[in-house]
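Trainee: Chain by chain, the residues run as shown.
There are 2 protein chains.
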Amino acid sequence: MAATTTKHSLLAGVDIGGTKIHTLIVDDQYRILASARKKTKSEGGFRAVMERVVETIDEAAKIAGIPLTALAAIGVGAPSPIREDGVAVHAPNMGWKEVPLVKTLEHLLRVPVVAENDCNVGTLGEFHLGAGKGARSLIGLFVGTGLGGGIVWNGEMIRGENRMAAEVGHMIVQVGGRRCGCGHQGCLEAYVSKTGMGRKFAYEIIHQGRSSILTKLTPNDYSNIKSSILLEAYQKKDPLVVETLHEAMTYLGIGIANLITLLGPERIVLGGGVLEAFGKTFLPLIRKAAEEATHPPASFSDTKILLASLGDDAVALGAAVYARESLAQKK
Amino acid sequence: MAATTTKHSLLAGVDIGGTKIHTLIVDDQYRILASARKKTKSEGGFRAVMERVVETIDEAAKIAGIPLTALAAIGVGAPSPIREDGVAVHAPNMGWKEVPLVKTLEHLLRVPVVAENDCNVGTLGEFHLGAGKGARSLIGLFVGTGLGGGIVWNGEMIRGENRMAAEVGHMIVQVGGRRCGCGHQGCLEAYVSKTGMGRKFAYEIIHQGRSSILTKLTPNDYSNIKSSILLEAYQKKDPLVVETLHEAMTYLGIGIANLITLLGPERIVLGGGVLEAFGKTFLPLIRKAAEEATHPPASFSDTKILLASLGDDAVALGAAVYARESLAQKK
Chain V
1 MAATTTKHSL
11 LAGVDIGGTK
21 IHTLIVDDQY
31 RILASARKKT
41 KSEGGFRAVM
51 ERVVETIDEA
61 AKIAGIPLTA
71 LAAIGVGAPS
81 PIREDGVAVH
91 APNMGWKEVP
101 LVKTLEHLLR
111 VPVVAENDCN
121 VGTLGEFHLG
131 AGKGARSLIG
141 LFVGTGLGGG
151 IVWNGEMIRG
161 ENRMAAEVGH
171 MIVQVGGRRC
181 GCGHQGCLEA
191 YVSKTGMGRK
201 FAYEIIHQGR
211 SSILTKLTPN
221 DYSNIKSSIL
231 LEAYQKKDPL
241 VVETLHEAMT
251 YLGIGIANLI
261 TLLGPERIVL
271 GGGVLEAFGK
281 TFLPLIRKAA
291 EEATHPPASF
301 SDTKILLASL
311 GDDAVALGAA
321 VYARESLAQK
331 K
Chain L
332 MAATTTKHSL
342 LAGVDIGGTK
352 IHTLIVDDQY
362 RILASARKKT
372 KSEGGFRAVM
382 ERVVETIDEA
392 AKIAGIPLTA
402 LAAIGVGAPS
412 PIREDGVAVH
422 APNMGWKEVP
432 LVKTLEHLLR
442 VPVVAENDCN
452 VGTLGEFHLG
462 AGKGARSLIG
472 LFVGTGLGGG
482 IVWNGEMIRG
492 ENRMAAEVGH
502 MIVQVGGRRC
512 GCGHQGCLEA
522 YVSKTGMGRK
532 FAYEIIHQGR
542 SSILTKLTPN
552 DYSNIKSSIL
562 LEAYQKKDPL
572 VVETLHEAMT
582 YLGIGIANLI
592 TLLGPERIVL
602 GGGVLEAFGK
612 TFLPLIRKAA
622 EEATHPPASF
632 SDTKILLASL
642 GDDAVALGAA
652 VYARESLAQK
662 K
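Chains as they are written, first to last, in the working numbering: chain V, 1 to 331; chain L, 332 to 662.
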């Protein structure tokens with residue numbers, strides 16, 4: 001069914017994450033021709049990260065057997081709001097503030113580059129190629145170190161006036177509640193993220209003297225526990241971990257309810273490391289919490305709540321989709 | 332500048348509220364040619380309310396000196412979600428459940444009728460003709476007995492999959508918090524509405540024995556105090572009223588922050604009886620609370636927070652706009 005273009009139109013999609021850079025080269029049907037990964041090592045500074053991005057693209061191009069000039073464009077997802085001029089405004093995980101992401105990469109690569117917030121393009125990827133395929137509207141929620149999100153409405157990302165919107169994790173659901181990394185209190189992310197859960201672990205273990213298997217599994221730092229370790233502790237029925245995860249997934253359900261109450265999207269897709277590890281286990285609990293908090297109750301059943309299906313590729317694929325959309329708009 | 336159509340195209344806009352029905356007849360520039368009002372008297376039942384709607388339209392048409400057949404369409408705003416088939420799904424204030432609003436009025440009037448949730452068309456009215464004029468995106472918040480809202484994005488109402496979305500008042504901002512009329516806990520409306528404030532008044536006065544001028548001004552019922560009485564008590568610096576209104580406006584600011592964090596609209600417009608009475612007084616407090624809770628902080632300044640400008644006419648005018656848009660879509 002798909003129309004094949006006479007001229008082959010290749011794209012690269014890059015996911016710059018806190019721990020790794022992940023690059024894909026795709027064809028005009030978004031079939032993956034090659035992939036390459038490197039550690040981000042953000043402590044080396046912005047310029048070093050950019051060079052490592054270039055290395056992954058070079059490597060992937062080599063695997064695909066193409067020169068960089070065969071790429072029509074490169075799309076980048078990064079953990080920052082991205083301004084219209086391609087500047088990454090603020091990426092605390094990376095230590096970036098107002099860095100010229102697009103300009104730097106275009107200078108190094110000599111290929112058109114577009115960039116967008118990672119959760120926005122991750123949602124766009126799921127919308128076009130994953131669990132959102134065929135929907136008119138989709139909200140993506142990605143639970144990992146933080147809680148990121150994206151909103152796609154009638155096929156378009158909602159980014160707000162300053163391209164900083166869809167910050168789903170910083171919706172306040174508990175006025176005066178748990179302190180969030182952003183400085184506010186009661187953000188959804190303060191309950192539904194590894195950082196948020198980590199605050200509770202630290203409080204309960206260190207300040208309240210509560211015992212937990214976490215003191216053995218990850219003795220020194222509760223601030224960003226690996227999902228695999230959380231899973232191990234959960235499977236061993238550690239009471240603190242069970243209680244904290246249940247609380248987190250209940251809050252996630254309430255956050256989802258708010259999004260249905262406000263926007264009534266056709267689908268909500270849940271991804272990120274925590275949900276890749278726990279999604280199947282907790283989906284019934286999440287749905288129940290969402291159903292109990294949605295208004296009006298009758299509207300709940302019109303939104304499908306699904307697990308993301310692109311896994312680790314969502315951001316890189318979505319970045320490639322965004323690159324193609326940007327090219328199409330320029331024509 | 333405005334193009335005048337050769338054929339005069341008149342519309343009626345009707346606002347069916349809990350206490351009054353308000354009808355306007357407007358020309359193709361939305362100039363008001365006539366208006367008529369009647370008490371709703373919803374206790375008489377759905378059919379009686381429909382007949383009173385017809386009476387206001389007849390009366391307004393008589394004032395305008397036109398026959399009903401001169402109306403191209405009638406737009407109705409009602410305090411209920413309205414299904415695609417014109418059924419008003421659920422209007423607790425009116426005692427309506429699944430009533431055939433559009434069908435009944437078309438049968439009685441023999442003119443095309445469209446209907447939509449009152450806060451949605453109120454927002455549409457402000458978007459086209461009021462404080463939202465010229466914006467791309469607008470969220471309206473109307474504080475009265477309840478807290479209603481509407482979202483207009485790229486000129487279109489966001490109504491969600493089941494046309495029940497934009498229920499801004501039922502976004503949960505305080506998990507486990509104050510009970511809301513909808514049955515949930517911690518909805519924004521439970522803090523930011525006359526019903527919500529009434530619960531606090533009743534609790535403080537009746538259960539806590541706290542003294543307040545309200546016991547003299549409105550001795551028997553705190554559940555839906557007139558805005559003018561609230562204003563009087565506030566101007567007399569009644570501590571309970573001052574404290575409760577400050578709390579309500581702070582919560583309103585936090586709700587606004589959530590909407591900016593999620594959607595980053597160009598403008599947010601505040602209307603309804605409470606804000607008509609207190610808007611000018613509290614706008615700085617509302618803005619401050621919103622600014623303190625928006626994420627990222629830099630995105631706050633890109634959304635303008637304004638008072639609504641159409642007052643009591645917002646819903647009827649918005650309903651007329653909606654009627655014209657519906658006609659245009661049919662062509």
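Bear in mind the hints are in silico, worked out from the structure with no lab data behind them. Even glycine gets a Cβ: it sits at the ideal position worked out from N, Cα and C. Where hints are given, some of them may not hold.
[As the list claims (entries may be wrong)] Label pairs and their in silico Cβ distance ranges:
(1) L:541 x V:202: 48 to 58 Å
(2) V:85 x L:567: 45 to 55 Å
(3) V:44 x L:638: 26 to 36 Å
(4) V:156 x L:615: 47 to 57 Å
(5) V:55 x L:659: 53 to 63 Å
(6) L:415 x V:51: 48 to 58 Å
(7) L:559 x V:301: 52 to 62 Å
(8) L:415 x V:206: 29 to 39 Å
(9) V:156 x L:415: 54 to 64 Å
(10) L:618 x V:84: 46 to 56 Å
(11) V:209 x L:540: 49 to 59 Å
(12) V:209 x L:557: 23 to 33 Å
(13) L:642 x V:84: 45 to 55 Å
Trainee: Now look at each hint and say whether the structure bears it out.
Mentor: Against the structure, the hints come out as follows:
Checked against the hint of 48 to 58 Å, the C-beta distance between residue 541 of chain L and residue 202 of chain V comes to roughly 40 Å, which is inconsistent with it. Against the hinted window of 45 to 55 Å, the Cβ-Cβ separation of residue 85 of chain V and residue 567 of chain L comes to about 54 Å, which satisfies the hint. At roughly 51 Å, the beta carbons of residue 44 of chain V and residue 638 of chain L sit outside the given window of 26 to 36 Å. At about 35 Å, the beta-carbon gap between residue 156 of chain V and residue 615 of chain L misses the expected band of 47 to 57 Å.
In this structure the supplied range 53 to 63 Å holds for residue 55 of chain V paired with residue 659 of chain L, their Cβ-Cβ distance being about 54 Å. For residue 415 of chain L paired with residue 51 of chain V, a C-beta distance near 55 Å keeps the hint of 48 to 58 Å intact. Checked against the given bound of 52 to 62 Å, the beta carbons of residue 559 of chain L and residue 301 of chain V, roughly 42 Å apart, lie outside it. Range check, residue 415 of chain L to residue 206 of chain V: Cβ separation about 56 Å, and the 29 to 39 Å hint is violated.
The hinted window of 54 to 64 Å between residue 156 of chain V and residue 415 of chain L is violated, with their beta carbons roughly 23 Å apart. For the hinted restraint 46 to 56 Å between residue 618 of chain L and residue 84 of chain V, the CB-CB distance of approximately 26 Å leaves it violated. The given range of 49 to 59 Å is broken by residue 209 of chain V and residue 540 of chain L, whose C-beta atoms sit roughly 41 Å from each other. For residue 209 of chain V and residue 557 of chain L, the hinted distance range of 23 to 33 Å is not satisfied, since their beta carbons lie about 55 Å from each other.
In this structure the supplied range 45 to 55 Å is violated for residue 642 of chain L paired with residue 84 of chain V, their Cβ-Cβ distance being about 37 Å.
In summary, the structure is inconsistent with hints 1, 3, 4, 7, 8, 9, 10, 11, 12, 13 from the numbered list given earlier, while agreeing with the others.
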